Each structure stands twice: as C-alpha cells, then as structure tokens.
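Could you build all of it, start to finish, from the sequences and the hints given here?
Protein chains: 8
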Amino acid sequence: MTDQSWTVYLSGEIHTDWRREIADGCAARGLPVVFTAPVTDHGASDDCGVEILGAEENKFWHDRKGAGVNALRTRTLIGKADIVVVRFGEKYKQWNAAFEAGYASALGKRLIIQHGPDHAHALKEVDEAAEAVAETPEQVVRLLTYAITGRL
Amino acid sequence: MTDQSWTVYLSGEIHTDWRREIADGCAARGLPVVFTAPVTDHGASDDCGVEILGAEENKFWHDRKGAGVNALRTRTLIGKADIVVVRFGEKYKQWNAAFEAGYASALGKRLIIQHGPDHAHALKEVDEAAEAVAETPEQVVRLLTYAITGRL
Amino acid sequence: MTDQSWTVYLSGEIHTDWRREIADGCAARGLPVVFTAPVTDHGASDDCGVEILGAEENKFWHDRKGAGVNALRTRTLIGKADIVVVRFGEKYKQWNAAFEAGYASALGKRLIIQHGPDHAHALKEVDEAAEAVAETPEQVVRLLTYAITGRL
Amino acid sequence: MTDQSWTVYLSGEIHTDWRREIADGCAARGLPVVFTAPVTDHGASDDCGVEILGAEENKFWHDRKGAGVNALRTRTLIGKADIVVVRFGEKYKQWNAAFEAGYASALGKRLIIQHGPDHAHALKEVDEAAEAVAETPEQVVRLLTYAITGRL
Amino acid sequence: MTDQSWTVYLSGEIHTDWRREIADGCAARGLPVVFTAPVTDHGASDDCGVEILGAEENKFWHDRKGAGVNALRTRTLIGKADIVVVRFGEKYKQWNAAFEAGYASALGKRLIIQHGPDHAHALKEVDEAAEAVAETPEQVVRLLTYAITGRL
Amino acid sequence: MTDQSWTVYLSGEIHTDWRREIADGCAARGLPVVFTAPVTDHGASDDCGVEILGAEENKFWHDRKGAGVNALRTRTLIGKADIVVVRFGEKYKQWNAAFEAGYASALGKRLIIQHGPDHAHALKEVDEAAEAVAETPEQVVRLLTYAITGRL
Amino acid sequence: MTDQSWTVYLSGEIHTDWRREIADGCAARGLPVVFTAPVTDHGASDDCGVEILGAEENKFWHDRKGAGVNALRTRTLIGKADIVVVRFGEKYKQWNAAFEAGYASALGKRLIIQHGPDHAHALKEVDEAAEAVAETPEQVVRLLTYAITGRL
Amino acid sequence: MTDQSWTVYLSGEIHTDWRREIADGCAARGLPVVFTAPVTDHGASDDCGVEILGAEENKFWHDRKGAGVNALRTRTLIGKADIVVVRFGEKYKQWNAAFEAGYASALGKRLIIQHGPDHAHALKEVDEAAEAVAETPEQVVRLLTYAITGRL
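Chains as they are written, first to last, in the numbering used here: chain W, 1 to 152; chain L, 1001 to 1152; chain U, 2001 to 2152; chain V, 3001 to 3152; chain S, 4001 to 4152; chain E, 5001 to 5152; chain H, 6001 to 6152; chain X, 7001 to 7152.
Among these hints, one or two may not hold up.
[Stated by the list, open to error] Label pairs and their calculated CB-CB ranges: (1) 5058/E x 3032/V: 53 to 63 Å; (2) 2004/U x 1055/L: 26 to 36 Å; (3) 108/W x 7152/X: 30 to 40 Å; (4) 3149/V x 4058/S: 38 to 48 Å; (5) 108/W x 5092/E: 33 to 43 Å; (6) 3092/V x 4151/S: 27 to 37 Å; (7) 5058/E x 7060/X: 16 to 26 Å; (8) 4024/S x 3017/V: 51 to 61 Å.
[Said to hold, decoys possible] Residues from chain E that face chain W, not an exhaustive set, calculated with beta carbons under 10 Å: (9) 5056; (10) 5057; (11) 5058; (12) 5060; (13) 5061; (14) 5064.
Note that these hints are calculated values from the structure, not bench results.
Predicted, not measured: the structure shown is a model, and the values here were computed from it.
The beta carbon of each residue, even a glycine, is placed where N, CA and C say it ideally should be.
Laid out in structure tokens, this is it:
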C-alpha cells in the first residue's frame, strides 16, 4: 500500500499564516502533498487585472478584470485538487471562500471546512457539504495525515 | 420561435419580499417561468432537522441535521434550474448564498447576481462568474424577460 | 413558487409495507411525487431471468440472469430519480440496498437512509453520504413534504 | 506494447490478510500496480473523527464524524482507481463494502468482486455489476496479471 | 407506484419485421413505451445524403454524406433512450449495430442484445456489456414488460 | 415508431429571413419541432446590457454587459437543443456563429452547418465537426424532415 | 512547443502483425507514444475466464466469463487512450472491433479507422464517426506522426 | 506552495511569431509550462489529409480530409490543456479560432483571448466567455506568470 501524492488546495482567509502552518505540519510528517492556493497577496489580487491589462476608471470593472485574472489561477487549481480546505477567519465577508466551497462541492471534490465556533451557525450549510469541519490548522494537518497515510 | 418554459431558482436573502417582486413582475409580463427557491421561513429552515428527525442537545448537530434536510430541497432544485439568481441583502454573513452561487457555477448554470453597490468589491469574484450583475429585483425581471422572450 | 413534480425511488427492504405507507402519506398530503421502486415480488425478482430467457442449471447463472433483468429496471429508475430513499430492514444481508445507495450517491442523487437504531453503527458510512437519516417511514413522509413544499 | 502503471483500490473486509496476499502476489510477478485501500485498522477507522476533531457524547455523531474523515480518504482513492476490488468476508454486515461497490460502479470503474460461494445469492446484483467474480485472493492476482500484462 | 413512460431505441437489423413485433407486443400489453429507431428503409438510408445535399461521384463520399445525415437522427435518439435494444440478424456484417451497442454502452444506457444462438461466440463481448441477451423479439417484449411494470 | 418532439437551435447570421424559411418549411410538413434562437434584433442584442443594467462610458464594457445578457439566453437554449444549425452569411466576421458551433460541438450536440460554397475552405474545420453541411435553408428543412420522420 | 507523450489504443483484428508495424514505424521516427491493446492471443482471450475463475459446462457462460475478464483490460485502456485506432481485417465478424469503435466514440476519443476498400460501404457509419480513415498501417504511422509532431 | 506544471494550448492566428514570443517570455521567467498548438505550417495544415490518405478531386473533400487529420491533434491537445489562449490576428476569417474558443469554453477550460482593439466589438461574445482579454502577447506572458506563480 504505497501512499500516493495528493494535491490540496487551501482556499479562504489570507490575513494569517495558516497555510504555512499546514504546509509545515505536513512537511514535518513527510506527507506526499502538493499544496496550492489562490494568490494571497491582497494588493496583487486586487490589482492584477489593471496592472497587466490596463487601468480602468470605473472601480467595478477594475475589480472585474482582477477577478477574471485570479480565476485563471483558482479555477485551474481547484479543478486539479483532490481535497479543498476552506478556512473562514474572524473578519470580513469572505464570500469568495464560500463561493469556492460551493464550486468545489459541485465538482465532487472532498471538502474540509475550518473555522472557529462563532461561525458555526452561519456556516451550517457549508459545513454540511464537507467531509470534515475543523477548528484549527493543526486539526487540518491531522486530517490530511490520516487521509493520506491512514495513521492517526 | 416559441418561448419555452424556463426554471429559475431564486437563492439568497430571505428577509425581504424580493422573490415575490420578481415573480409578480414576470407574471405581469406573462413569462413562462417556474420559480423555485430554498425554504424562506427562517425558523423552519433552522429547525426542520430536529422537528422531523428528533431533538439534538448539541447545537452543532442541531444545525447539521437541518442543513441536510434543507439540502434535499436546494440541491434538487438548483440541479433542475436553467438560471440561478442569487441576491445578497444588506445584512448578515449570507455565506450560504455565496456557496449556492459557487455550486451553481460549477454545475454550468447561468447566474444572475443581485446586490447593492456597497457589496460590489467584496463580491467581485462571485460577480465575475455571473452572466449578469443587477442592483434591483426589477432589473432581474427585465433580464429574465429579455432572456426568455428576446424582447427588451 | 409552484411545487414541481418530484421523482422518488424507494430502494431496499421488500418484506414490509413501508413503500405503501410512504406513498399513502404523501398522497394524503397531496404532494406531486411519482414513486418508483425495484420489483418487490421476491419470487419474480429471483426468477425473472430464467422465466423470460430460459432455464439455467447452474444457480450462479440463474441468479446472474435475474440480476441483469432487474437492473434494466433499477438502473433506469435510479437514473431518473430526484431523491433515492433506501430502507434497511431488520433482517437479511441487504447488500443490494447498500449497493444502490452507493450507486445513487456517485450519480449525485439526494439520499435519505431509513433504518432502526440497531443498525446505526454498521451503516455509518452509508448514513454519512446521505442528506438525512430517518428511523421511520412517517419521518420520510415528513422529509419529502418539507423538501417539496417547504412546509413542516 | 508497454505495460502502463495501474491503480487498484482494495475495498471491503478488514479482518484477514487478503490485501497483503494480493499485493505480494502481484509484486512477485513484477506487476506495475499501485494498491490503495481504506484504513484497515478497525479502531482507528471507528475513532478517527473524535480523535482528531473532538469527542462526542452521542454515539451517532461519534460515528458520523469518523465516517466523514474516512471518506476524505476513500472517495479520493476510489476516484483515482482503475480497478476496484471488493471482498466480502464471512462475517459482519459489510454494508460499506457494498456501498463502495455501488459507488465505484456508478463512477464507471472496473469491478472485481471476491467472496465465497455461500454469499453468491445475496450478492447477485453486486456480482452482476462486476466484470469478474472471484472466490480467492489468488484468483484476483491472476485477474490483475492478465488485465495488466495480457498473459495468463 | 405509477409506471413512468419509457423510451426504447431499436437498433440493428432492418430486413425483417422485428421492430413491429416488439411494438405490437408492447401495445397489446398497454405499456407506456415510446419506440424510436434508425431509418429502416435501406435505400433512403444509403442515399439520404446525396438526395438532400447533392450528388457525389466518389462512392466513399456518397456514403459519408449519408452516414452523417443518418447520424443526425440516430445519435439524437440513442441519447434520449432509456433502453437500447440491438438485434443482430442472420446476414450481413452489421457493424453499425455493434457500433451503436458500444456507443450506447459508453453513454451508460441499459442494453438488450437480441440474436440467434449461432452468433453467441462472435458477440460475446457485446453480450457481456448488456443487461440481458435475448433470442427472440417476444423475449424482448417480456423483458420490457417486466422492466416497466415489474410483472412477469 | 412515434416521432418525438425535437428542439432545434438556429444560430448565426441575423440579417436575412432564413430562420423563418426553415420554421415555415417545417411547419408546412407538420414536423414536431420547437425552434429556438439567439436574439436577432441587432440593436437589442447590442444594447440589452446597458438598457437593463445601466449605461457604460467605455464601449468595451458596454459590449461586455450586452454579451453577458445575451449569454443568459443563448447558453441556456443551446444546452436544451437536440440539433444546432449554424448559418454563415455572406458578410461580417460572424465569430459568434463559429464560437457557438464549437460550443455546441463540445457539448455533444448534433450540428448542421449552412453556408454558400465561397466559405467552404475557410470553414473546413467547422464543417468537419458537423454531421451535415448544407448550402440552403431548404436543404436544412429536408435534413430535419429526414432526421425527425425518417422520410426523404 | 514540446511534443507530449500520447497514448494510442490499437483495437481490432488480431491475426496479422499490424500492431507491430505501427509500433515499429513510430519507434523508428522517435515518437513519444505508448501503445496499448486488447489481448491478442486468441486462445488466451477465449479461455481467460475459465482458466482463472473455473470451468463452465455451458459455452455461453464460458464466453461470458472470458469477455468480462477481457473487459477489465480493454475498458481501462480505452478510457486512458488519447487516440483509438480500430483495424478491420479481411475476415470474421469483428463485431468487437465495431463495438469498441462505438464505445470510444461515445467517450469522446479521437478515432482512426483502418480497413481495405472492400469494407468501405459496410463501415460507412463507423468511418463517419472517425477523424481519419486509413487503408494501411503505414498510413496510420503517418497520421500519428503528424498528429503528435505536426510534421508530415 | 509549489508551482505545478501547466499546459497551455495556443490557438488561432498562424502568420506571425506570437507563439514563439509567448514561449520565450515564459521560458525567460522560468515558468513550468508546456505549450501546445495546432499545426502552424499553413501548407501542411491544408494538405495533410490528401498527403497521407490519398488525393481528392473535389476540393471540398480535400479540405474535409485535412480537417479531420488536424482534429486528431487539436481536439486531443485542447482536451489536455489547462488554459487555452486564442489569438485573433488582423486578417482572414479565422473561424477556426472562434470555433476552438467555443469548444474550449464548453469543455470548461480557462480562456485568454488576445486581439487588437479593432476586433473588440465583433468578438464581444467570445471575450465574454474568457477570463481575460489581452491585446498583446506580452500581456499573455504576464497573465500566465501571475496565474502560475501568483506574482505580478
């Protein structure tokens, strides 16, 4: 029983270091995982469209251009993922995180949702679509360890 | 060129009368549309799981049971829809609305997103996945009129 | 918001009257449901292959012929269903019920599993794949009522 | 005609050494096969949910949490498999094995079912969905040898 | 348990009256079946391309044009069928019948193959892909009766 | 052999009366066809976006808004079609016609391409993807007659 | 522009050396192709079922067992192929070749059909579904060379 | 966060050196991209069919043969691509480019359309289906850089 390589897309909150925590935790355990993610540089993510394709006067189209450019990356990487982890942080609307959870769910991806207990009621439909709901990045590391190696 | 019957799922905000506005507007124009929607009675939507399947002490599982029961309805109706309209209101997290937008998008449904201008930046990725972004229910009526009959 | 017609496939146990209970309960509430099911006449289900296509000396192929003929019906009807209800009774192996639950799940059908509390541990993976787990046919009637009409 | 690498998921019974027998038999013949499997440590499989994500008072939700965590692994690995082998042992309900057989069948995977002759009648619909029905692990090794190398 | 309407595509041999036999047999039993078929007028089927779209000097392209025009009909009707029945007669190559069997199989349609015992060995792979193998049109009528009504 | 109802989407050139010719020809023959089409009012098609959703200073986004609104209609109707007919007229770039041909082809729709002989070389890849290539609307009527009724 | 590795499944006639010709021709040109094929040892192909899984008195089930075991290989390899080449030889019914052509076509595989001119009329529907129709293995080598490297 | 290897298909105009510009630009930045493309030798692309499979007197079938042979390459490579870039040049009908854009869109591929401002109105529906619309090959390089590495 060899452990195959897995691809895990880390969606959601971009203001804390949770992706690094998960990647480091999995590396420390020697797991064969490739992690992917949306662009987590907030400024680049907002301005990539106009930076590359030219300025827009209207903020709505400034945003649209950027969203399209980001989607080149995110839709491709979600499509290639085995597991999609979506973290909801304490702040902001985070509608894009919920959108990616729905998108991944309809593609038949395995879902892990990670958030603090305060958000549990507001996220109940999202949680229901997931195989596992974690409260901390460390739990995500343990979930991936178990899923990939079969060992607790 | 006969106008075929269309099925339109109205997702999102449940605290105002926007679904009725759209349905009435389309009825007044004689459009051949069947509208479907999630359960919009907030209390029923929260408690359907435990009402039907038995009480839970733990609020997390109370919510989970309800979310599953609601999904019996919503996943079926989204799957049958030609167009999914998702409205984001002024208040609340509304993560379920964003989840359903992502779910519908990955199923290849046509999407109309409706929200006020204040939410435009936070919803930019969701908007980008949509064929049209409207600000008012009346605009949604006009979009459906045009899509179904070809007349402005 | 019109209630559309739904198709519900009733899979599993064939030695009690549970399908009739559900159909009667839904009819009493005026639900627009078409119910479908595998053949529930045990003898016919066992012998349909050899009855129609000719006798077999070897019991294995006697069974195989019948299983193929039954699959003409069951695979078609599961494919057309919106919701698949699978009931596990008290007795027998009922592997076919579990097979149909897995089959429906991979097709992306909504699942309701119905069984008594004694089977909960043995059915935990099957239950996890379902939107709802009921203990009685009457609960299934209430689940369908809510899913179809949105009313508790 | 090069022999490509194949991925074979070994589903079902976890109380005997059959997976090792098959893996050893294929290794002895030098077959290019990657074997995958659900977690076969019964205790870990039962308790993984609460071990990682926190204890549950209610046994039903204890089981549900574990089933979700196991599904992170099993749904991913079945989705990646070329062939799914499902073994039914002498004991227990083994509904999960039948569920995985149905799940794999609807995904269009090739199926080998392996069980003793006593279970033939109860498994007739499951067997009918399979390309091959074997009685012993050694036969499975021979089936894989032939499928992969074309040599008896 | 209402009997839904079924669609059955009758593929294969066009020189005997077998389609009429099956349609009459099902009508006599009052089955809710819509039968569809390729064009069974041999001349029309050969010449439809050049009749409608203009003559060809080269026989190969004469045939190609006709095959394309016939495919407008056959691919559409196979795509809409619940069950595909393929009959192999005594004479001719009938490669188109085998092609349509393979095409329907990969689309996940239920298959009934009908042929005399002389062809059994040559058709073994085709038969293996089918849920049922019949020798006579009357058996096909009985198979459809059972699949649709559940009664022998 | 009943003739089922067919849905035919008429894509492409909007400056001549070819859709009406085809619809009239099929009506005269009593064919059970529902015809659908993109919006063929050039002005409405160009301005629907800004008319309904508000003006844009930038022509590019004026066009984008309109293209999205038109796509609500066209993607839905192509998705529901059995056959897609694409006509290339004498003038203009008509890239949208070619785009819809490619879109329909990848969805597995049956394709009829209609154009004059002057465009044959430039359209060779589009023609190759089609079941039939016609030169006149009348030929399209005859193709539909044959496909639907089996009669020349 | 790097040339990616391609997988080509060689279906059909098993009594001449055509697969070797194609493989040698492609090797001589240094093409990055992996060739796969059904089992071409006629005896093994006929008897693999009973050899591995036990004898059958009834020839029909002898054949069925073998067909299932062969399908473990063929369905997997067709599913992994980029291009499926199907050769029809001079003799025998070769229904399995036509079945595999239809199966590959419905899976959306690219098809090359190879046969002598005598079979052109009988194979017209099969040819119509193919991207290319060749008369000789050498032409197949040239087609693969062009498809993979872009050079004539 | 490792950067995975991406596959990018470069569709469209074949009379300028834009593919090389993009490939060189990405190589200079060290991006892990495999580029694929249709055959860009105009003569080979026109004549490949008759060169390999034999001459045709009728120009229409000369073209058809070539289009089929080219499709062996293009359909395979588009199917394997993560991103499809389609460039519309200044001249010619370029219907094949628009067809490939539609084909890629319906397959769910990410799309970048590249053209000069003069074509913006005529390409508005094609642009609407794309994640990004660029004016120069250099912008395409920057889009790929950002999509693959997340860095502007």
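Status of the hints after comparison with the structure:
1. 5058/E x 3032/V: 53 to 63 Å: holds (57 Å)
2. 2004/U x 1055/L: 26 to 36 Å: holds (31 Å)
3. 108/W x 7152/X: 30 to 40 Å: holds (33 Å)
4. 3149/V x 4058/S: 38 to 48 Å: holds (44 Å)
5. 108/W x 5092/E: 33 to 43 Å: holds (42 Å)
6. 3092/V x 4151/S: 27 to 37 Å: holds (36 Å)
7. 5058/E x 7060/X: 16 to 26 Å: violated (43 Å)
8. 4024/S x 3017/V: 51 to 61 Å: holds (59 Å)
9. 5056: Holds, because the Cβ-Cβ distance from residue 5056/E to chain W comes to roughly 8 Å (cut-off 10 Å).
10. 5057: holds (8 Å)
11. 5058: holds (7 Å)
12. 5060: Holds: closest Cβ of chain W sits about 8 Å from residue 5060/E, inside 10 Å.
13. 5061: holds (5 Å)
14. 5064: Hint on residue 5064/E: holds, closest Cβ of chain W at ~8 Å, below 10 Å.
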